Structure formats: C-alpha cells, structure tokens
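Student: Each chain is listed here by its residues.
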Amino acid sequence: MDEARGQSDRALNLGRLAAREEAPPIATELVGRAREIGDLQAIVASGGAAVLLGEAGIGKTVLLAAAAVGRKACAGGAFGMLQFVPYLPLIRAVGPLIDRDPARVAVEVIARVGAEGVLVLDDLHWADNATLGILQRVVGQVPFVSAVRTGDAGTERALQALRDLGVTEVQIEPLGDADAAELARRWQPDIGPLATRQLVGRAGGNPLLIEELARAGVTTTLKFAIEHRLRSLTGEERSILELLSIALAPLDLPDAGTATDHLIRDGLVVRSGPGLTIRHTLIAEVIAEGLSERRMKRLHREAAAVATDPAIRARHLLAAGDRRAAFVVASGAAVDSVPGMRAALLGLAAECVTGAQTARFRVEAAEALTGADLFADAARALGPEGDADKGDPELAARARSVHAQIRWGVGDADGALASAEAAVALATPGTELAARLLVERAWVVTHRREGVRAVELARDALVAVRAAGLRDGPAQRVLGIATSIVGGEFDEYLGMYEAAAADARAAGDIGEELSCGKLIVATLESGDQELGLELGAAFVERAMNAGMVGWAQSIRSSMVSLASSHGEYERAVVEGQALVAEPVERRIRSQANGFIALALVHLGRFDEARRQIKQALSVAPDDIDGRFDLIWADAELALAGGDPGRALSLADDVLRRFGDADYSDTAFLRVIRDWACYDLGRAPGPQVEHPRPLHRQHLGTSVERRGIRLLATKGSELEAAQHFLAAAEAFQRYHRASEIRCRWAHGEALRRAGQLEAARATLEATEAVAAELGMLAISPRIRRSLRLTGARRSAQRASSGVLSAREREVLAGVAAGLTNGQIAARLGISRPTVARIVSNATAKLGASSRVEAAVAALNA
Amino acid sequence: MPPYLVYEGPRARTRAQVGEALESARHDGWLIVNGWAAPLEGDQVICTGTIASLDHARRALLAAISGAGLIIVARANRDTVDRFIDDLRRLGPVQHITAEPANRSPATRGGACRS
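Line by line, the protein sequences are chains A and B.
The end of the first sequence is residue 919 by our numbering, with every number in the run present.
The end of the second sequence is residue 160 by our numbering, with every number in the run present.
None of these hints come from the bench; they were simulated from the model.
Hints are supplied without guarantee of correctness; some may be wrong.
[Claimed, not checked] With a Cα cut of at most 16 angstroms, we get these calculated EDC-like pairs of lysine to aspartate or glutamate:
| hint | chain 1 | residue 1 | chain 2 | residue 2 |
| --- | --- | --- | --- | --- |
| 1 | A | 131 | A | 160 |
| 2 | A | 282 | A | 295 |
| 3 | A | 282 | B | 124 |
| 4 | A | 282 | B | 88 |
| 5 | A | 673 | A | 348 |
| 6 | A | 282 | A | 348 |
Quick caveat, the model's predicted, so the values are computed rather than measured.
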C-alpha cells in the first residue's frame, strides 16, 4: 500500500494526469431517459447542481455525459481503491492542482471550469473527504453534475455532503419493460419476444445487465461483478436475498425489518403486492447457483412455510424433498380450486404421488391437464409412455390417449396417430372408454387434415358414444371440425360446435366448452367477424376466470388471425406479440407467429416480418398445421417485397408438400402463386382448383385466380376487371387484404383496358381504404397503377390525418432538420425505430422522400 | 483508448495468453513496461505484471489513470480482483478473460419447476 501511495504522489506531482475537457463518448440514443436528460440539461443551463442516484450499471455515467453535451465538460471521478488519494476526482476533472489548500483548490477548479463549462464528478460514493469538502466552495459557482451509487458503504456520506449543499437529487430508476426490450433489441436485433421478456426480467431494467446479457449471456465476468456487488451486504440481508432467490413467487416475509428496507432502498428487492421479490432475476440466479443442496432445501422449507398459494407451497415442499407433504398440499387444494388451477395442482400432485395408486393418479391428472390445453404439464405429470402399462389395460389405454394429445401438442403428428390407434386397440370394444377413445382418435385424424377419413371416424365415434350412453358433445365437436375441413356447410358445422358447447356447459365441462368456443371463434372468420372477436373476448374472460390459461391463449391466437382477416393489422400485431411473449404451447406459438408475420407484411413492416418468420420457422412443428401460416406469410412477404421468384418457389414447395391436404388456406397460396407468375411474366398454367369446396373466406380465390389469367391475356382486360370486382366483393366481409388486392387489380385491369377515368377513381378509392387500414404493402402497386393512368400525384395530396401521433412527432423532427439519431435521442426511442417510422410515414403520405413527407405533414 | 486486459486462470494458460497479447501489442506499436511505472506523456505504454495483492492492484490502477494500458494476470483474492475491475471499468472497456464461461439458462433458477 505504501508503494501505491508513493506512486500516486509521484503521478500527481509529475502532473501526468491530464484534465479531461471532453465528456466521454456517450450513446447518443439513450433509451428511455429523455426526461432525465432534459431535467439535467436544464439544471446545467441554469448553473445549478445535481446528483444522480442509482444502482451500479443503471446508466449514471452516460447520463452525466449527456447532461454536459454542448458545454466544456471537466469530467472526473473517484475510484473505490484509491480513496486515499486526496482530490483525485477533481484532478481527473481539471488537471493537476498547484496547491492542496482547500480555498486555493476551489479557486483553481472554478477558474478552470468557468461559467460556460460544467464540472462532472462521477462515483462520489468513493470520493475522499477533501474532495467532498471542496464542493461547498464550488457548488453554485459553476454548473455541477455528479453521481452516487446506491448500496455502497460511502453512499450516505457522499449524499449527506451533497444534501447539505442543496444539490438536486435525481433518482435514476430502472428502465420500464418497453424501454428495456427496446435496448435489448438494439444489442440483439433478432431476439424474439419470449427471449426479450426473459432477458428483461433477468436484468431488472438495468441497462448494463441488459447489454451484457444480450451481447454475451451470463459470462464469468458478469457473475463476478454481481457477486462483488453482493459482498457488501450484511448477513441478514444476504439471508433474505437467498430466500427470495429460490422463491417461485413473491414472498410475504412476516419478520421483514430494517434489512429488507435497505435491500429495497438499494434496488435489489422490490415489493410485488404484499410480497417481496428480487428485482433482477439474474441476481437471484447467481445467488441460487452458489447455494449448497442442503441450504437450498432448507430455504425451500422456509419458503413453503410462508407461501400462501398452495401450488407454490407444494412446489417448495417438493423441492425441499418432502414429496408426501407436497402431495397432501397439492391434492387437498385441488378440491376447491377453479378447473385450470385444479388441473395444475393435480399435475403437481401426480409428480409427488407414491404408492399403489401412482399410475392411476398420474393418468387422471394428465387427463385434467390436456382438458385444460396444457400438454407440456400433462407430459410431466404422466411420465414416459409405457409407465402406465402395468397390467391394467384400461389405464394403459387412457394413458396412450393422453400421450396422443401430448404428441400432437409438441408437433409429432405421426406419433400422435400411433398413440391414438394404440389406445383404441387396448380398450374393450363397446365400453364407454372405447367410445371415448374413438372420439380422441377421430380428433387426431381430423387435425392431421385427413378430411374424408376424419369424417368417417368422427361419425363412427358419434354413433359409439350415443350407444354407450355418453354425452355426445365432444363427438359432435370433432365431427364439426371434420365437416369443416372437407368443405361442409358453414351453418352445419357451426351448429355442431354450438350444440357441443351447450352440451359442455350443461355438464359443467368448462374445458370442453372452451374447446368449442375456440372453434366458434375460428369459424367466424368465415362469418360475422365482429361477433367472432366479441365472443372470443368473452371466452377468454371465461377461460381466465376458470384458471385455464392454455385455452385463453389458444382462443387469443384465433382472435389474432380474426383481427388480421378483419383488416385490424395493428391490433393483430400488438395482441399477437403479447401472446408470444408469454410461455405458450408450441403449436399456439407457431400459429400466432404466422398470424403476426402476415399482419406485419400487410402493414409493410417487412424487416420485422422477416425476423418473425425466421425465428418462428426454426421452432415450428413440421406438419402443415405447424408451418403453413409461416410459409404463407413468407410468400406474401416475397411477393410484396418485389421478389416474385421466391414467392413462386415457396408457394410451389408448400403446394407440392401439402397441396392435397384438407387445408383450406392453401387456396390463398394458390393466389400468391398466380400473382407471382403474373409479376414474372410467366404463364401460371391451368387453374387447378382446391380439392374441396371452399369456405366463405376463400370463395373469392377462385374468381381472383381467373382474373389473373385474364389480365395476362391481351384483349381480356375488361373481363378480368369484372372478375376482380366480383372477387373483391366476395372477400369484403371475410378477408380485407385479399379484397384490397382485388380492388387494386380491378383498377389496374380497367387501366389496361383503356378506361382511365374509371381506373383512376377505383384506384384512388382503393388507396384511401388501404391507407385507412394501414396496408402499406399494397401501396406501391396502387401508386404505380395510378401514375400510369396519368394521375398527377404529389405528397400533399395525401392527408396527414392517417399519420399516428408518433409519426407526426418524428416528421416534425425531420422538418426541423434533425438526423434520425437526434430524433431518437429527443424522443427516447431507438434510431432503427425512427427510421421505420419515417419510412412508414413517407409511404403513407405517398411522398418520394423524408423531406417531402415532412413538408406534407406540416402543410396538412 | 489504451487496452485493459485482465487474465485469470491456470498459470500455464495465462502465461501463454499474456505472451500472445503482449506480442500483438508490440506489433501494434505499444511500448511494453514490466511493472507499474507511469508512462511519460505521449508514450504508448502498456504495463504488464501480476496483481497478487491490493497494493499491486492500486499501483496498476494508478498507472492506468496516468494513461497506460494494462495486460495483467490477476492472482489476488476475489474481492480485490473484483474491486480492481470495477474501478478499471471507469476508464474504459475491460477485457476480462477467465478460464471458463458461465452461460446458464434462466430455467435453472431456484432449482424448482414452474407451477
């Protein structure tokens, strides 16, 4: 230590410490800190003084730099290891000091900073007393900004010194979830919504942790840094953190006192309802990783003792190794719980159960869980396939049936069928169980899109359940789906779903009722879509009240598709993104991702759509049900993005692979294929119709495809126009994107037929509707057609009424001559977001450049 | 901005790593100084050595404050090394090279499953 002291003196005497008159380089696009920057800059401009207070990594240093932008910044700071060096923060700020006398030091500092400069002192919790003492002579004489870290031994001392001087305290709070997600995306642009949500939770709104996690994950260095931070805690504080680190939910600690208050003050712990939780789950992970198995078990016992939720208590007891107590708590609580919670508790009890009834209990629990649409939980409760085959064929059959659903849920369509067939083979024909298993098998075949066979099996199952005296609702439901996919009458299968739902409701079978509800919502995509959205919301609420989160998510996924078909693309994206940011069953995730991507394509947000599709395809099930919507979105993206060759290739691939499947939406892909051929100037070939009668939603596809062929044939343009108009009217109630495309094609066909006035009127009307719906993807086609009609276009023609408030704000920045980076900093959003908003707004206004768009927005 | 490289791990490994880093720095025109002598103004100096105590850490830090880069092996106790790196980060990005990465999945939290 003496050598270090000597060295420090030599260094100071030699004057090798250069004053830093420039603020350190800062991120010009600080996310979510616009208010703090504004406050600080105002304080500096008025010659005032401020101290930023916050945890390590919260962004104090970059905020200090931002506060000093535009002024001569004399910036320095203290070091934890060098508190013995007098005036070190000041020397780093203004350069070597001639004298050590406080009065003369103060004069020197004031002179070197000057009224136009700003004194910036970071990490004052580590500052020596001499530096803190000088502040009383400096504050008020020059603008001054500083930072103090919470939770350090020197925090209170530094804060007290600053408070005595009346320095304004600015608490730097953790970033909110939206800003934290924005920051994570900046470091990892391809990050998915679920991964973003996990990362945000782990980082607890701390920008440094977000950056480190997004860039490199949990490195040893990061772990060391966290452990270093925890080392200053007292034993009692550490014990509380250890308990909270293993807690599965916020814990209400009855004896929490001063230690807890300190942890909250230092930002390590936050209140969540009546309980407490660690703010950064990453810190919880690091603490938990360092616990011995014995200590971990003891903590789980402690947590079980204070947990109020029986499921949480049971989980802690299980983790503590007390399976019997966990079983008693879980199975006991299941009795009075709502259905969804009951299924979860039974599943948990099944994991804990021991003894002769284990296999039966596990099967029953798994049945309850599949009834709640929770396949992953059911798989855990049931254990490996074959475990229940212990001499009881009935139980084995039931277990196989559950396995069929689980396998379907994880994307194994062939395995699902094999398990369903095995279940039927194990059951005694003519029994209630056999009838029930026939329904389950028909369900699997139906979902494999084997339409004709599905109808036959569903009819057989319906006969069997009626013969066995069972409720026939489930069989009607499956028959309804089978009828739907072979192109049966809309009213017929909708009626079956409604009858099945009524049957389930009368029997108090909420899982079955919600299953029917999901089908009704999905079916209304070809019916009254607004009613579908309304019913969907009601079913979701009913599912949530019953604790059936899985069904709620499944119905929400159908609502995303419905919203998109209805032309509510922004809603589809927002609600879809919220859904996939939750832990969701694999199939639901895949479908929802497809619906989101399609909506993004229609909105013209191609880069986001591309990312969404890429991420989702990598984890999607490999059958048509798991992949179709994603490939459809990809093909739409290629077509709208000016790559018809790729669109054609994608469409051909998927039609080759799935073309014979009873999957009605392939009709849309046939349309994409034909438009891609048209764009490429190629003959699309003979019009191969869909193998089954089409649903109402798809009825327009056949007419549209005929229109495309006519449009490509010289002399048939007027006939093409009639076809497109008819197709647009067929689509109008059921698929807005197809409707708008057909309306554009109608105008284009009229133009090519030489009816320019009519074409112009059609195209302008179509442009207005597309703008209202936010459909930017079709805009270039409409604009090109309009230009070719000889319409005189200018950016001022379009109204800025279609712009969102944010778009107007961003364009105001453009009009003021700001760069994207400057606009981003001003609005507290990222530069890529600004670029996207400018691009969208420019397209909406029909402007040819950002400046033209800004002028148009101002003039409107 | 001078480089700050801190190595931790088995001796043979860190020796080789530091050797490579110094060679590369020399190639880039840095003057290598064994120990913690502060550089003369304008020199492109990298101080190298082993931090085995709090005093070493402080001296290395003072050298860094004076403008030197650091390529060092850390062998002091955990608390000293962590404090040193925490301080060094005030001056610029620190490359902290340890024996093994510690990537883990968030699912390991608490060792128990979700309810």
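Student: All hints are to be evaluated individually against the structure, with a verdict given for each.
Tutor: Against the structure, the hints come out as follows:
Taking the CA atoms of residue 131 of chain A and residue 160 of chain A, the gap is about 25 angstroms. The hint is violated against a cut of 16 angstroms. The hinted pair formed by residue 282 of chain A and residue 295 of chain A fails the criterion: a straight-line CA distance of about 22 angstroms is larger than 16 angstroms. A hinted pair counts as satisfied when its Cα atoms are at most 16 angstroms apart, and residue 282 of chain A with residue 124 of chain B qualifies at roughly 13 angstroms. For the given pair, residue 282 of chain A sits about 35 angstroms from residue 88 of chain B by alpha-carbon distance, which is inconsistent with the 16 angstroms threshold.
Distance hint between residue 673 of chain A and residue 348 of chain A is unfulfilled; the C-alpha atoms sit about 34 angstroms from each other, more than 16 angstroms. Only pairs whose Cα atoms come within 16 angstroms are accepted, and residue 282 of chain A paired with residue 348 of chain A is accepted, the gap being roughly 10 angstroms.
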